[in-house]
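Please take these sequences and the hints and turn them into a complete structure.
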Amino acid sequence: MSEPYKPIFDAVRAMVKPHTSENLFNNPGNVSLLNRAISEVAACAAGVTPPALPALLTLEDMIEATIGHEGHYVDHPDDRGGETCWGITKWVARKNGYLGPMRSLPREEAVRIYRDEYAIKPGFDVVAEVFPRVAAELFDTGVNMGPRWPALWLQMSLNAFNRQAADYPDIKEDMEIGPATMAALRAYKAKRGASGEEVLLKALNSLQGGRYIELTRGRPRNESFAFGWFKRVAL
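Under numbering that gives the first Met the number 0, think of the first position of the sequence shown as 0, with each following residue one higher.
Simulated from the structure, these hints should not be mistaken for laboratory data. Idealized CB from N, CA, C, for every residue including glycine. Hints may be right or wrong, so weigh each one.
Claimed, not checked - For lysine-lysine, the following DSS-like pairs were computed, each having C-alpha atoms within a straight-line distance of at most 27 Å:
(1) 188 <-> 171
(2) 230 <-> 190
(3) 230 <-> 171
To be verified - The following label-pair restraints were derived from C-beta to C-beta distances:
(4) 189 <-> 96: 23 to 31 Å
(5) 70 <-> 197: 28 to 36 Å
(6) 208 <-> 59: 22 to 30 Å
Right, dumping it as structure tokens:
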């Protein structure tokens, strides 16, 4: 951050801190966005119109948005996952130590499971340090169909966008976000900048939509969910 703008940054921090968690400022991606906002204030003062800023995203924001999609208790006869509550299946709940009735799964327990199972374990929290909106997309899709699928699509997309390995080496498409995938993501951002996030989001959503069609064609009972699934696809 440029030193002349540090007082502005500190003022913004003091203003929003009472209304959000300190995690907002612990996430390097969010700090980067705040720094950019300060720089763009200066650009406006100079008569330059900056591009629109993306929203600040925290892990808590991602969880709240996804819980909003999922709702509370459901036990649909066409759902192979059986009982779900807050979008968490009974199997996932048991795996994460919750042994009570699914209908009674506390919201705070669901938030804990979301954070551990769908953000930290698959590495989406680390992706958020590079592209917060991509991380939010991976997280939401991971809750819906398991985190390995969006992790795979991220790897597939990065391989498709590296210009025959001219920008960074191909990575293994193993459904696991590790150091090689993160190195490729950072190299992709260095090459493509802010527009790279928009294109990556389109790729991820396109692959997500294709997967929903496959699931519906392969199992007619999934047609009960197809319309709702596609509400999660944004292009």
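Inset, instruction - Please flag the earlier hints that this structure goes against, numbers listed from lowest up. - result: Checked against the structure, the hints that fail are numbers 2, 3, 4, while the rest are satisfied.
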